[in-house]
Each structure stands twice: as C-alpha cells, then as structure tokens.
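Those protein sequences? They're chains A and B, same order as listed. Under full-length UniProt numbering, the first residue of the first sequence is numbered 1, with each subsequent residue one higher. Under full-length UniProt numbering, the first residue of the second sequence is numbered 1, with each subsequent residue one higher.
One or more of the hints may lead you astray.
To be verified - Covered by chain A, according to a simulated footprint, are these stretches of chain B (three or more residues, beta-carbon under 8 Å):
#1 8–14
#2 112–124
#3 183–190
These are computed hints drawn from the structure, not numbers from a lab. All values reported here derive from a predicted model rather than from experimental measurement. Each residue gets a CB set at the ideal place from its N, CA and C atoms; glycine is no exception.
Chain by chain, the residues:
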Amino acid sequence: MTVQQTPSTPGSSLPRVDVGRPRFDRNVRTNLFWKFVAFALLCAIGAAVLFPALWMLSTALKPDTQVYANPPIWIPNPLRFENFTEAWSLAPFTRYFFNTALYAVAVVFGTVVSCSLAAYGFAKLRFPGRDLLFTILLSTMMIPGMVTLIPQYILFSKLHWVGTYLPLVVPSYFAGAFFTFLLRQFFMGIPNEYSEAARVDGASDFWIWSRIIVPLSKPALATVAIFTFEGAWDSYVGPLLYLNDERLYTLQVGLQFFRTASAVQWQYLMAAALLVMLPVIIIFFTFQKYFVEGSSIQGGVKG
Amino acid sequence: MARMSRMRRQEALNGYLFIAPWLIGFLAFVAGPMLWSLYASFTNYDVTSRMDWVGLDNYRRLLFDDQLFWISLYNTGFYVLFAVPLSVITGVLIAVLLNQQIPGQRIFRTIFFLPKVLTGVAVLLLWLWVFNPDFGPINVFLRAIGVQNPPLWFSDPTWAKPALVIMSMWGAAGGYIIYLAGLQGIPRHLYEAAQLDGATPVQQFWNVTVPMMSPTIFFKLVTGIAAAFQFWEASLIISDGGKGGPSFSTLFYGLYMWQKAFTEYQMGYASAMAWVLLLITLLLTGIQFFVSRRWVYYEGEARS
Chain A
1 MTVQQTPSTP
11 GSSLPRVDVG
21 RPRFDRNVRT
31 NLFWKFVAFA
41 LLCAIGAAVL
51 FPALWMLSTA
61 LKPDTQVYAN
71 PPIWIPNPLR
81 FENFTEAWSL
91 APFTRYFFNT
101 ALYAVAVVFG
111 TVVSCSLAAY
121 GFAKLRFPGR
131 DLLFTILLST
141 MMIPGMVTLI
151 PQYILFSKLH
161 WVGTYLPLVV
171 PSYFAGAFFT
181 FLLRQFFMGI
191 PNEYSEAARV
201 DGASDFWIWS
211 RIIVPLSKPA
221 LATVAIFTFE
231 GAWDSYVGPL
241 LYLNDERLYT
251 LQVGLQFFRT
261 ASAVQWQYLM
271 AAALLVMLPV
281 IIIFFTFQKY
291 FVEGSSIQGG
301 VKG
Chain B
1 MARMSRMRRQ
11 EALNGYLFIA
21 PWLIGFLAFV
31 AGPMLWSLYA
41 SFTNYDVTSR
51 MDWVGLDNYR
61 RLLFDDQLFW
71 ISLYNTGFYV
81 LFAVPLSVIT
91 GVLIAVLLNQ
101 QIPGQRIFRT
111 IFFLPKVLTG
121 VAVLLLWLWV
131 FNPDFGPINV
141 FLRAIGVQNP
151 PLWFSDPTWA
161 KPALVIMSMW
171 GAAGGYIIYL
181 AGLQGIPRHL
191 YEAAQLDGAT
201 PVQQFWNVTV
211 PMMSPTIFFK
221 LVTGIAAAFQ
231 FWEASLIISD
241 GGKGGPSFST
251 LFYGLYMWQK
261 AFTEYQMGYA
271 SAMAWVLLLI
281 TLLLTGIQFF
291 VSRRWVYYEG
301 EARS
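Using the sequences plus the hints, can you model the full thing?
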C-alpha cells in the first residue's frame, strides 16, 4: 500500500525497508507461531522421554502396597529409601559391582592405548599399503558382529579362556575399527609442525605420540574412554556367554538372573536397576560436554 | 639419497609397528574368524569332534526346510521396516525443533540425550514394567481413556513387536545430535532466499532442510538398517524365557542364530545363518548406495 503512494521515477529503486516491512511483520508473526508450536512439541516429546525414567524412580521408592495401586501413585508416601539397600542385598551385587568395575577399567585402558597407537600410525606416518589397510579398517565396521561371534567363541574355548574375563578384555587391546577411525580424524587435525620440530630434535615416534599427540587429544581420548566405559558397563551378551561361574558375573548378568530366579517385586527390581545405571548417569552429568560433542563425531552407530 | 630412503624405511617400519595392534586384532578376531566361519558353514560342526564337509546342505535346509528361519527373518524385517524410518523421523524432528531459538533449549538437549545414556538390561526391565499389561502406566492410561481391552504387549504375539518398535523410538531420541550438527551446517542464506520467495516454513523444510540433510539421513539409514538387522539382545531379555515368545513373535534372526549356536551347538548351521545375514547386509547396503544417487544431494556436486 505504501508502495503505491510513493511517486516512482523510472530507474530509481525504492528503499528496501518500505517494501520489506509488511512481509517482515508477517514473518515475525509466523515465526512466533512456529516457535510456540515447536516449544509445545518439545514439551510433549520431553515428557514422553522422561516418563519411563520417572516411573522407574517412583517405583523404586514405593512401599510394596503402593506398587500395584490403581490408579498408579506417582509420589510414594512414605518414600522408601530402604528399597535400595534391601534390593542390593538380595543378590551379591557388591561382588558384581567390583567385577564390572575392574572389567570396564581394563577395557577402557586397552581401547584408549591401542586405538590411539593405531590412529597415530594411520594419521601421521607414511608406509606402503597404508590407504588400502585404512579402507579395510573402514569396511570392517559394516561386518555384522554375529558373523564373528561363533568363531571367536570357538577360538576362546580352544584357548581355554571360557569362564574367565580374558575373552571380554583381551580383544579391546587390539584397536577396534570405530574408535581408531574416530581418533585418526582427530589426530589429522593436529598440525604436523609440532611433531616435525620434535623429530628434528631427534625425538622418536613413540615420544611424539606420548608427549605431543596424546596430551593434545585429551577431549577425543575422553570421548573414547567414556563411550567404551558405557559400552563395557552395559554389555550383556558377552559376559553371559563367557562367564559361566556365578562369582564372576557382571551387574548386567546379575540383574537379569535376579529377575528370573524368583518372583522379584518390582520396587526392588527398579531400585537395583537404578543402582546399576548410577555410575553411567554420574559420568553423563560430569562429562556432559564430551558426551554430547563426542556423539556428534560418533555418528550414532548405536542407532 | 641413501639417507633419505633410510629415514623413509624407518618411518614405514614405525608405521607398521603403530598399527600392529589393529592389524593383529583384525587378523585374529575378524578376518581369520570370518574365513573359519565361512568354512564351518559348509560343515556339520558341533563343537565336539565332528566337522564333516556337507557342501551346501546347511544353506539348503535354511532356505527350504526351516520354517523358523523364515519367521525370524520376517520378524527382523518387520523391525527394520518400522524401527529404522521411525527412528530417523524422531531424530530429525527433535533436531529441527531444537534448532529454533527456544527457551529451555539446554534442558531439552539434556533430556533428549538421556535415552542414549540409559541403556542395558536395567532399561529393558524398566520397559517390561512400563508395558506390564495389568499395572504398567501405558495400559492404566489406555483404560482411563476408555480402551476396554488394552494390548497385552510383550505377552501378545500381535503387540510384542510394536512394543519393541516403540522402545526403539525412545532410544532413537538420543540420536538427534548428529542431525542437529547437520542442521547447523546449512547456510542461512538458503533460508533467507526461500523466505524472499514466499516459502512457508513447511515448504522451507521440504525444499531446503531435507535436501541439505540428505547425506546425514542417508548415513543414518545405511548404518541404522545394518544395526537393526542385528537387533535381538533385547528379545533375549524381554521375551518369555529368552526364546523369542510369545508364539515366536519376537524370535529375531540373531536370537534364532544364538539358539542354534549356543543352546543346540549346531555351529555349522549357525555359521551359515551368519553368512546369509552378511550377504543380506551387503546387498541392502549396495541397493541403498545405488538408490542414493537419486535422492541424496551433495553440495558442490555438479548435476547434469
């Protein structure tokens, strides 16, 4: 409307603001509308995501008379914190806890050391066949784990490793493809000037790796460590397959047997499940930054 | 010159030493086992002494005599068909919503990441409780809104797989991060140009966001489908006695292979199953790469 009132001479362009203003107002209004829709949707999805976790927490704190209440009680009265200690003593969870912790730490150490060594080789050193080997490394990520599950089991049983932690820990010392790839990408971003300067001074590659590359890569190494820890802490099929002695069970195996062994009450099961998840939850909130950044590099292989 | 080549040789030697952990591991835990497994798939290996060559007999039995093989393949296909697209949609939707300037963004990001942290047996037991036919909150809610006979979920052959798909969508919420990273890489001027042309936000989504996100979506489809074909551990924990019940409705491919290998010790037969799975995965990946030329848009790529 304002456009029409302005006398226009041929060749003179109108001030942009005049043309833009009505459309700009409409955009602000539609933007506000879409923001409101987005916020409402986020709240709804957020509630759906939080809901099972809150239900778990609620059940874990209930006295047994309120577990099966209908309609369900969301805030138990009284809050029974004893559920946690009682659930913990229903199975040898303290032993399982130490088993799992030692296993996870051993796997994290092996993964971080071996993957960063291999990644350094692929990122910083030249040798014949490097690109071909790296392509092979990448393509192994597409091989279904089930194809190697059986032959690996046969291999470990021939070595008489079944019934020990060796089949679960030893492979992690041989640089898995995924984290090697992730670390190589990170190492490629470290300028070569650092290592060249050290090399001129006569430093060995091992020195460069341990004194230059590793200290500069703490965020990437922390990402690998956190995700490896979470993976080891949560692994179920491996421990179930290889640990046939009850004294060696991990928390995940113990938790599952805890369910099937007897008719366990849900408040205890949920309390035990929460305790089992607690270390991972603590790590998440402590290293939230690494977690969120790291998984964007990771590309969500866990799907 | 001689000095140079000696340095080169030293560097190459160091290179092999540094990648030795991976190379040895690859030969011992991947390549060797794979070749062994291929050989075993042509035998009747049962862990004891027998390892007679039976030719293609395992494969023939799988394809023509084994009803459960086809059931497990169907169940796995069902899961792939629903869980993968729904997971991608969930992830993209959350990422698009979080990409707006909205109050509480940090809190939302933390909440939506929780499913990626809460994993393992504990969470599966939690879902058993959430889907409990009598006391689980889902059925309590369904009854409250007037559904007379809500599904029995994990106890009902019709509803056990959909329940697992719902679980997978919850887990996929944590996958928003990779899409968010992709979204933030889209240049702003594309949206500004679309706005000047009068495109609505929905049109902008289909004509700018989706094409620019297509490489990320493609990557998630390829890896997601490969992963979903291996989905079975949840069924081992959730299904009745870990056998894939009720009525074989959650007997997934991996679970059936696990039973053949580790409860019946038919290692040769199970190895054949593993190789069929490998072929399916390769075939589907190949098809996806072929089809991707039609819909995946790479910026800077010359189009004819």
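Each hint tested on the structure:
Residues of the region 8–14 of chain B with a Cβ under 8 Å from some Cβ of chain A number 5, which satisfies the need for three, so the listed coverage holds. Under a criterion of three residues with beta carbons nearer than 8 Å to beta carbons of chain A, the stated coverage of the region 112–124 of chain B is upheld, 12 such residues being counted. Chain A is given as covering the region 183–190 of chain B, and this is violated because 0 residues of the stretch bring a CB closer than 8 Å to a CB of that chain, at least three being needed.
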